[in-house]
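Join the two chains, each given in its own frame, into one complex according to the hints.
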Amino acid sequence: MTNQSEARRQEYVLLQRAQKLDQTALATIHDQYYPAIYRYFTYRVNDLQTAEDLTSEVFTRFLHALHGQNAPQTTLRGWLYGTASFVLKEHYRQKKKSKHMTLYDDIPSSQPPLDNMVNQSFDQDTLNTAVQNLTADQQEVIALRFGYEMPIQEVANLMGKSLGSIKMLQARALNRLAKLLNAEASS
Amino acid sequence: MSKNWDDILITALDALDTGQSIDQILTQCPAQYRDELLAVLQTAVALQQRPLKPARQPQAKQNFLAAAQKLQQAPPPRIPKLNRPSFSWGPPQFWGPLLRLAGSALLLLLLTTIFWQQLAQPFLNQATPVPEATRPRPTTPAPTQSILDPAPLLTPTLTTTPPPTSPTSTPSATPSPTSSPTPLLTPSPTPTSLITPSPTPTADHNDDDSGSDDDHSGSGSGDDSGSDDDHSGSDDDHSGSDDDHSGSGSGDDSGSDDDNSGSGSDDGSDDDSK
Numbered sequence: 015m016t017n018q019s020e021a022r023r024q025e026y027v028l029l030q031r032a033q034k035l036d037q038t039a040l041a042t043i044h045d046q047y048y049p050a051i052y053r054y055f056t057y058r059v060n061d062l063q064t065a066e067d068l069t070s071e072v073f074t075r076f077l078h079a080l081h082g083q084n085a086p087q088t089t090l091r092g093w094l095y096g097t098a099s100f101v102l103k104e105h106y107r108q109k110k111k112s113k114h115m116t117l118y119d120d121i122p123s124s125q126p127p128l129d130n131m132v133n134q135s136f137d138q139d140t141l142n143t144a145v146q147n148l149t150a151d152q153q154e155v156i157a158l159r160f161g162y163e164m165p166i167q168e169v170a171n172l173m174g175k176s177l178g179s180i181k182m183l184q185a186r187a188l189n190r191l192a193k194l195l196n197a198e199a200s201s
Numbered sequence: 018m019s020k021n022w023d024d025i026l027i028t029a030l031d032a033l034d035t036g037q038s039i040d041q042i043l044t045q046c047p048a049q050y051r052d053e054l055l056a057v058l059q060t061a062v063a064l065q066q067r068p069l070k071p072a073r074q075p076q077a078k079q080n081f082l083a084a085a086q087k088l089q090q091a092p093p094p095r096i097p098k099l100n101r102p103s104f105s106w107g108p109p110q111f112w113g114p115l116l117r118l119a120g121s122a123l124l125l126l127l128l129t130t131i132f133w134q135q136l137a138q139p140f141l142n143q144a145t146p147v148p149e150a151t152r153p154r155p156t157t158p159a160p161t162q163s164i165l166d167p168a169p170l171l172t173p174t175l176t177t178t179p180p181p182t183s184p185t186s187t188p189s190a191t192p193s194p195t196s197s198p199t200p201l202l203t204p205s206p207t208p209t210s211l212i213t214p215s216p217t218p219t220a221d222h223n224d225d226d227s228g229s230d231d232d233h234s235g236s237g238s239g240d241d242s243g244s245d246d247d248h249s250g251s252d253d254d255h256s257g258s259d260d261d262h263s264g265s266g267s268g269d270d271s272g273s274d275d276d277n278s279g280s281g282s283d284d285g286s287d288d289d290s291k
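So the protein lines, in turn, are chains G and R. Our numbering puts the first residue of the first sequence at 15, with every later residue one more than the last. Our numbering puts the first residue of the second sequence at 18, with every later residue one more than the last.
Here chain R stands alone, though its shape is the one from the complex (with noise of 0.2 angstroms):
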């Protein structure tokens, strides 16, 4: 129904701007919908024959048309130059191109610099402690340190890194080359307290062992390597060697009780009878 009369609206309006009579139009149209399609086709020739003059049109015309005449004397509006050259103080095609130079060197600098102290510099820092965190810890951590400051922790790793040839050797060596300098090189005294803990010092020794377990082929400790040429002097220089090493490694030295059970003049005859 709704769309129907959507449709007759519209087929009458188009007969309305072609020039047909109402009369004509309704005649075209189906009974039930003739007396509302009166309505609307009499309001619409009601608009468009609409009595409607504007009362001042002399008046505007006239002003309009002085206002015109009055343009028409006037200087065209002036264009502002866009390319003027600001400066006088000497040739243009010097000064523009430098200081225009100079300008993008400022501004490359600046931005530079912002990059660095905004972007770089805390991103720096928030990427230091990562390989800290994969590294095995420590056995006695420090209860005040702050993740932020990672520069006494990673101290130890620059002052007392083996030689990367070593297999048991600690993963933090590897990070702390990347990381800023500054805060490395300064010595603390905590270092030296993370460096007690027993796994590192097994690697110092363990490398001495790849050497010394050709010479003794068979003793467990590398500890007796080189305290065994000292053994073959005195056996006072042995007593202190093993006050050192004496938290190194009970079943180290067993081993090597049995090859100096003769106490130092043993390591001749050991070397023999391997």
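Okay, chain G solo, but in the shape it has when bound (with noise of 0.2 angstroms):
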């Protein structure tokens, strides 16, 4: 109990000096919550550089809200989380719209190794396979709570649900997800 309101005391510190756009605390807040937002996305879109480009995103977003008149007043990590829902769902609703892709050959690559990518791409087409044959609402506790690390009671409060029903939601998506996985592994 003193550990989490010793963590909101320096989350509201943090957060006051970042509406002042002080750069030590903006740096801190991005080393903290660029991994959890980017792992969530992973959880949620196929390919890892849409799931980095929607995470940037979000970051962006924050700053203008700094700037203007947006800014987070009291929880940096819902905040975040809700940025990144609605990112999420633009981004959704932006692939209806154009299901078509230009490719580009002649940039240069930024990337780490290919064969890192691959490995990583794999086992995220293996997860990402298995995450889609979840319900929407497992899908997003499995997110939230191996993605962005959320307690589960906190994601209980983001998702509106009970304890309970949070409870229940997570432990029927590990079993589906031990199943599907286990089937894919056996074949």
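For the record, the hints were derived by calculation from the structure and aren't laboratory data. Bear in mind that the values here come from a model prediction, so they are computed numbers and not experimental data. Each residue gets a CB set at the ideal place from its N, CA and C atoms; glycine is no exception. Among the clues, some could well be false.
Said to hold, decoys possible - Distance condition first, Cα-Cα at most 27 angstroms in a straight line; then the derived DSS-like pairs of lysine-lysine:
id: 1; chain 1: R; residue 1: Lys78; chain 2: G; residue 2: Lys103
id: 2; chain 1: G; residue 1: Lys193; chain 2: G; residue 2: Lys175
id: 3; chain 1: G; residue 1: Lys175; chain 2: R; residue 2: Lys78
id: 4; chain 1: G; residue 1: Lys103; chain 2: R; residue 2: Lys70
id: 5; chain 1: G; residue 1: Lys193; chain 2: R; residue 2: Lys70
id: 6; chain 1: G; residue 1: Lys110; chain 2: R; residue 2: Lys87
id: 7; chain 1: G; residue 1: Lys175; chain 2: G; residue 2: Lys103
id: 8; chain 1: R; residue 1: Lys87; chain 2: G; residue 2: Lys109
Said to hold, decoys possible - Residues of chain G clear of chain R, computed beta-carbon distances all greater than 10 angstroms:
id: 9; residue: Thr64
id: 10; residue: Leu102
id: 11; residue: Ala150
id: 12; residue: Ala185
Now the structure itself:
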């Protein structure tokens, strides 16, 4: 309990400094939340590039919110999750509209080595295929719990459900994922 | 079985959250569920320890901080003033309320006009025929008359309205003042044809009967009350009046014939006998 209130106080102080566009505070926020938001996106989109693009978009919006009138006032974690969820919905909407994408060959790559990416991509594909078989609520719970690394009580608060139902959703989602991944591995 | 398995799963995942190892959790689980539970717990641990690092995070962080620096140097976003006066022709404290008042008045006028034309007028036009349906129909209805044009029907009720004290007066007289006056006051030839049916003249003569009955005390018709005075003078006048009232009822005249057996000269004697 004390740890939680201390964490909230630190987050509040960090937010106050960030509202003044303090570079150190902004760097801390980026280090702290960028990987979590990225992991959240990796559970909800098919490829890692898109996940990273969407994560950068969340932080761009965070900056504009700080500069404008919509800056988060109390909780940074919740605000970032809300923005991530909104950006994800926008992404799906755009994806529905435009089915074709232009590929450019002449852009120099700044990516890590290809073999790492292939391995990651293979895992990502397998996992994504399995995750796609879950219900929307189950997907969201898995993304928040294992991607965003959010405590289960906070997940319940954000999704507007009881703690028991979130636990049930998580248990059934993991049970289903285990079966699907085992079936994939055996085949 | 299913509920039991759900409970076991939830308990096991709670234990995993609190930091217990998989082996510890499995020892507390019934033997028949251990294999399945092991698979689920391994999946959960694999997801927790997923080696997934954003490849472009350093670059993204640099871009983020650079953008923040640019924003810091940029002027704060302008907030548009909402209550800036739009006129400079005079003191705003004078023009502002005046224009607002004029605008409100215009709007009110417009709304009233629209209301009257669209709502009230059709309502009144539809409302007028309602009492017309309740009143007694004339014996000779106009065949080409439409329901939506009540003016010719209502016109005679205004022009030939009997005094309201009459007990047998038609109820059509009451709704006519509420109707719009313009179509009712226009004279038309048709009203006269509508008056001619028998109920209307009898109403007039019955009014006279109330007085004439006192005079004649037994005579059925009030027609004679007025004509009797004339009879006393000359029979020629009486013959003319009989032509007028020939349709009004032979029964009435039969009663009066008794009284008038002595022709016009009996007027005085009848009054005396009574």
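These are the hints, each one checked on the structure:
no.	hint	result
1	Lys78/R - Lys103/G	holds, 24 angstroms
2	Lys193/G - Lys175/G	holds, 26 angstroms
3	Lys175/G - Lys78/R	violated, 34 angstroms
4	Lys103/G - Lys70/R	holds, 23 angstroms
5	Lys193/G - Lys70/R	holds, 26 angstroms
6	Lys110/G - Lys87/R	violated, 34 angstroms
7	Lys175/G - Lys103/G	holds, 20 angstroms
8	Lys87/R - Lys109/G	violated, 31 angstroms
9	Thr64	holds, 12 angstroms
10	Leu102	holds, 16 angstroms
11	Ala150	holds, 18 angstroms
12	Ala185	violated, 4 angstroms
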